[in-house]
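Chemist: Each chain, written out:
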Amino acid sequence: MSNLILLCRRRVWLTAALLVVMVASAACQAVSREAALPGGQSAQGEPTTLVLASHDSFAIGEEVLAAFEAEHGVKVQVLTLGDAGAALNKIILSKDAPLADLFFGVDNTFLSRALAADIFEPYSSPLLEQIPDDLELDPQHRLLPVDYGFVNLNADSEWFAAAGIPLPQTLEDLTAPAYKGLFVTPNPATSSPGLAFLLATIDHFGEDGYLDFWQALKANDVLITDGWSEAYFEHFTVGSGGAGDRPLVLSYSTSPPADVVYATDGRTEPASVNLFLPGSAFRQVEFVGVLKGAAHPELAQRFVDFMLDAPFQSDIPLQMFVYPVNPNATLPELFTAFAQTPPEPVLFDPAAIEANREHWVQAWAEVMGQ
Amino acid sequence: MRRLPILALYALPLIFLAVFYLYPLLAILRVGVGGDDFAAQAAAALTSAALWRLLWFTTWQAALSTALTVLAGLPLAFIFARFDFPGKRILHALLTIPFVMPTVVVAAAFMALIGRTGLLNSWLQRWLALAAPPIQLEQTIWLILIVHVFYNVAIIIRTVGGFWGNLNPHLNETAMALGAPPWQVWRTVTLPLLLPSILAASLLVFLFCFTSFGVVLILGGLRFATIEVEIYRQAVSYFNLPLAALLSIVQLALTFSVMIVYTRLQARVSRQLRGRRPARSQRPRNWRQWGLVIGALVVTAVGLLAPLLALAVRSFTLGDQGVTLLYYQALTENPRQSAFFAPPITAITNSLLYALATLAISLPLGVISVYMLAQPRSRTAAVLDPLLLLPLGTSAVTLGFGYIVAMGPLRTSPWLTPIAHALIALPFVVRTLLPARRALDQRLQMAAATLGAGAWQRWWTIDAPLLTRALAISAAFAFAISLGEFGATLLVARPDRPTMPMVIYQALGRPGLLNYGQALAMSTILMVVTALALLAIERFRLPGEEEF
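Taken in order, these protein sequences are the chains called H and E.
Residue numbering for the first sequence follows our numbering, beginning at 53 and increasing consecutively.
Residue numbering for the second sequence follows our numbering, beginning at 34 and increasing consecutively.
The shape of chain E in the complex, shown without the other chains (with noise of 0.2 Å):
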């Protein structure tokens, strides 16, 4: 009798996935399946060599964007775990904001610094004397592969950085003590302790790329093309969903082997630390660690600031005004009276609405669903863990038109965009709660039971405040996740109801520069206001943490 209500909460994640995911794609897939030609056209594909050119492609280039972002957010990672430097809050809070910029801004971005014409190259030829542009990137493999680093690593950083600020150090200091040399210290102490956490966010890089459309579409020219791509040609360009629909179940079928390859490392690297006294980060001792942290982030200011800064700059110059506040007041006019005009104050309003909702939403089902995934040998951990993976690497198009065939009078409710945002953010809320609720000692949780602690006065008193950190990075990601509105192309919109990238888009789809600088000037705001939240919070905490 005890266990009903545990057992009505554990049933909210999966209820929702089922409602949200598994019923919109099925029902879309029949469509596909059901057409008359399924099975030649089936047939047809999957002994054709184009298919499996675009499987190769699509799985190699997620594999190395993967690699590439793991090698350049560890070290940041670690900066952000044990170092305290003036700043700090505001850069980590600056490093995540590329995770949420439309994508035609970024390559917009990418071709101002390092395009053929861009800054770079415009110095470069001038102190070397040269006639054409040193850096040729443009439409090449490794535009793409930047970008990916660029838009991802903040994954690496705030997970595995959350991570590893939570480690005991004891363990490095007794090794070090012991006289073991740092890269073996490394080796045998801290990346095992830390894998787990690395795991899990490559996964979630892993599968950002897998479904990479927009900077594969935008930055890779005719060339290059992911199963998503193909998706999306075949079932907008051409109509035929027998097609989307195969290369949607290959697509789930990718994925779905990668999550067991995932599980299966996962089990096999995981282990319960034992009395836990998290590190507090602490300034820079000498001159060489100085060093490090000055080279570390002067490096990603190049790297991941130079773009964004290149943005904000350009909403301030665009043209040959010389400075100017045009493109900003441009933004709160509306010379033309269209009815669906909204100043910048509302689209933020309606951003920030959306985000809190997808908050509102992620958090408890992630929560409730890492409870859940922790329980050993649970059947129903076993289907929810890929479940509530599945949505990240899943065709958006596919869902989108899903949720058309499916979803009936919610389709054109503006309570459907939180939903398919939370439905993204659950995953980044779970796999960064997962490795902080395995590491809880359980010791403590028995010992409050044996003293006669409630459920929830243990959990509110002793999980709560050791999970925290990991619940505050989680919230800055689903917050990110919603105001970035990842695969807002599959719903139906409703421009009564702007926000912050809908401007920018609106924008973009006209000539004229001013139309140019207002998406710029829009996506300025959407950085600031995407900082300015995200530093709010991560100055979130419970009450009683600073007793751990």
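Okay, chain H solo, but in the shape it has when bound (with noise of 0.2 Å):
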């Protein structure tokens, strides 16, 4: 018996010897793992990872990605870091010691503050030769173009159609009694659609008017949601599969055939088409750039011409439903047929944006919030 004590009383030593040699050694292990990561070749001549730091709407097709790994030899590694905001914030946090050898997902909305901070190394890619000088926005290539897409409305064709109802013509119009509780749009501070659409009201309307503008679509019981997904989701007819009541929603010039690839019915045209109102359509484009102190400079300029090259931009279309920037790429028919541009888009300069940005945001708030 007292041998059997005795047991248990050394039972508590080798416990808490136990649990402090588990939870080191789980730590150990998981730091050792990781740190080999950005760490190029290990001595188990395990390939070199490249780490691509992303938001949330990154994707690419498993072929294309399979093939640059193939060509030169290495795994890549995605992370995914939040909402294009949260995303960018967290790179410029992780300045010191970068979390990523390259970053996809810069807007132009973010763009002055993604140079601001310094966290880009300029490559001039070979590439950029076929990409339209308009796209290219930093002269200093730290960012070049990915892809770009248009924030606009769209609306229930079918609905209007059997409501009796013309389309709008115009942004004012939304303000029409005609009009009165049909249209959702996202909030402009949490999300980025949103943003996008209230800075093409401020180019439309100058900044004098576009409170006036959105005081009177707030009077014709416009519905403000915090996300896309909850206005496309929730309240747009199309998007909620009859659920909801908004024939009008704000989204991207691309979700009408994005309707028709994820559809349930096999339906061959949209239900929902675009509507480019004068001044309401904004552009906008993504960039990647190298980041400072990356772990494989080389390999990421590698990558950001492959990001750049006709595969992938051919990719591009279907899997994150914006245009490829690279006029050599192929796009689906879907998108030849569906997915029109706007005639003249809303071009906002990065840098007034992204100064003016939080008290535009607030003015607004406070007008709608009353």
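One thing to keep in mind: the hints can contain errors.
FRET-style restraints, in silico, Cβ to Cβ [what the hints assert, rightly or not]:
no., chain 1, residue 1, chain 2, residue 2, range
1, E, A414, H, Q267, 32 to 40 Å
2, H, P99, E, A77, 33 to 41 Å
3, H, P174, E, R256, 29 to 37 Å
4, E, A165, H, T222, 24 to 32 Å
5, H, P99, E, A497, 42 to 50 Å
6, E, I168, H, D170, 52 to 60 Å
7, H, H411, E, L161, 46 to 54 Å
8, H, A362, E, R256, 32 to 40 Å
9, H, N408, E, L161, 43 to 51 Å
10, E, A165, H, H411, 15 to 23 Å
11, H, A362, E, Q362, 28 to 36 Å
12, H, D317, E, A164, 29 to 37 Å
Short, incomplete list of chain E residues facing chain H, as computed with Cβ under 8 Å [what the hints assert, rightly or not]:
no., residue
13, R256
14, V269
15, L351
16, G355
For the record, the hints were derived by calculation from the structure and aren't laboratory data.
Glycine is no exception: its CB is placed at the ideal position from the N, C-alpha and C atoms.
Reconstruct the complex from the two isolated chains, following the hints.
Modeler: This is the structure:
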């Protein structure tokens, strides 16, 4: 019996020691394994790992990625860091100890913030020659354009036909009694398409006039949701599968083809159409850049080339539902048929956006929140 | 010398909190406070009426939400503690599901039920022939309060109900035999005994509502913002780290003062129970008891289960195909050959693995902490107690940025996920175990020690069986917290290791009915997996428990 007690008493020691060892070894294992990741060829001859950081919407085709990995004998690891704003902020915060070799997903609304933080290494990719100049917003090539898209209104054409109401023709129409309670748009303070639309209205109505327009929209029962998902899936008549009651939504010019790609009834034409009201479509350009202090700067540059080249560019439309910047990319038929590009999109100066974002949004929130 | 192993054990929770909470938090606050214009911004913010409005709203909505949650939870806690009825175990597991559901999905479920075009409104409009929908809760404080109750009522049911089940019914019976009417028995016997557990559960609910983010943003519209929402705006939208740091500090200070009040109250109401003999729950004995049970369960079913059911039904009926498995099938297909495609089984496995790792971290640390806290007049305990709770009242955005700044190579490690989950789970484990640990009769331990039993043997044969019920409850919480990925957005995500909530968010990021349907289908799978996991945890019993 006393032996047993002795054993038991010793077990407290053992348990304590075991716990410490367990926790420590787990931590060490995790640290050493992860430390090996960006650190190049390890002793066992595992391939180098190139780390790409991005926002949550990043997507890429399996075969396209595998081709790059095979060509360069590397493994590409993708890290996603939240929405576009959160992802960029995390990259800026990790400036001294970079999380990745390169970062994809800075858009023109965040371009100034990204450049001011001085986190990207300039790289004049030879492929830039193929890309239209008006998309290259950073002359020093620290950030290179990869894709672009348009934030604009979508309408449920069947709903309007059934109701016998013509589609709105101008932004001002949205404030007319006929369109009362029909429009839903995400909050510019928390959603990037929401911000894009706010910027479009600032461009169209001027800094002195945009708040009056929003005041009128509010009087006309516009619905503001927190994010794009809620606006599109809960309230838009098409996106919600009939449960919502708003036939006008702020979305993207590529949403109609997505509606066909992800249809459940085998439809070949979208139920929603693009509405290019003058001054309402905002152009978003997304950029990639090699991070300063990258573990594999050369490989990161190869990946930038790869992202600008035709195979990846042709993969973009149906993976991320945006347009490729490289005109040599092939567009899927759905895009050419239903994802029209607006005639005169709003091109906003990135520096003005970063300088005024907070007070424009605050002023807007004050008008809308009362 | 004999104290050394104990001290080593006791150091573990402190080390854990220091490394994974205090260090990253201080690192990011230093970045913010070290900003050029921190002093100027702080002075301006602290004197602005907007800040005080923000604090006031955050506090009263949390207090009101907590009060409502307690009111809604107590009757259910009572019924689960005292009565046996068919389907009890399953219902108990179902009631915890809301806890793990992503806010976006819950918001959609509530809209489907009580939104302007929701089920309830369309019925009422048809029956009463009304032109306008009679229930208009969208973007009102009522909806925020309702959803806070929906999310948190499981905390009251589980913690208070678990404690209630351990109360000795003899005290009540004695009081009644002495002629006390039921109300007086409740007021003078039951309530005082339950108070420590009610207070502990209320504190957890309060902290959750106090740092509420998604619910307020998604359901509150533009008119409502908590401190947490404002921290997010400042940190993410405007990248104003000095102001975000200031707000985080204010939030921490408030959390801290709430905890001081709590500790005072707790010390006043806490009492040791002697001669415990837990009651066995029994079938309702007469029509009044049956009426009570059935009535409460019907109300619960409508309030808590209807939104979940609405979600599940929509995952089979979205669009106009009638009943379809289309969305479940779509989850298993990868038509666009996306590199990060994960079939549901992979997402389920990943989620379960993270949850198991969270259990493995938080349960041992929780048990150790509880023994430390239960020591009379321990100075370490005085530090550990508030420290354990602080993560719940800390801004997730701030801590997430702290991880990025301070965690070095661990930042991208899959280990950080269960560690972050454990940080949130630990307060639950501790608050659930502590009342049970305090109620342990020390005389049993002393008797065993006199008879020569060693520390470990005493723990395993005396304490462990008596703590089993509380352990199972805390394990359920830890598991649920991990499955629901609390504060997941603060971590660096690895799309090559997708979890169930990650698949849901991915699907919600793209237009098209098929994506929405997949999000609903994966949410339904998440509900089922959660319910099954909780049922399994509740079945777990330590050997020897039956003897008590």
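Chemist: Looking at the structure, which of the earlier hints fail to hold?
Modeler: The structure breaks hints 1, 2, 3, 8, 10 and 16; every other hint is satisfied.
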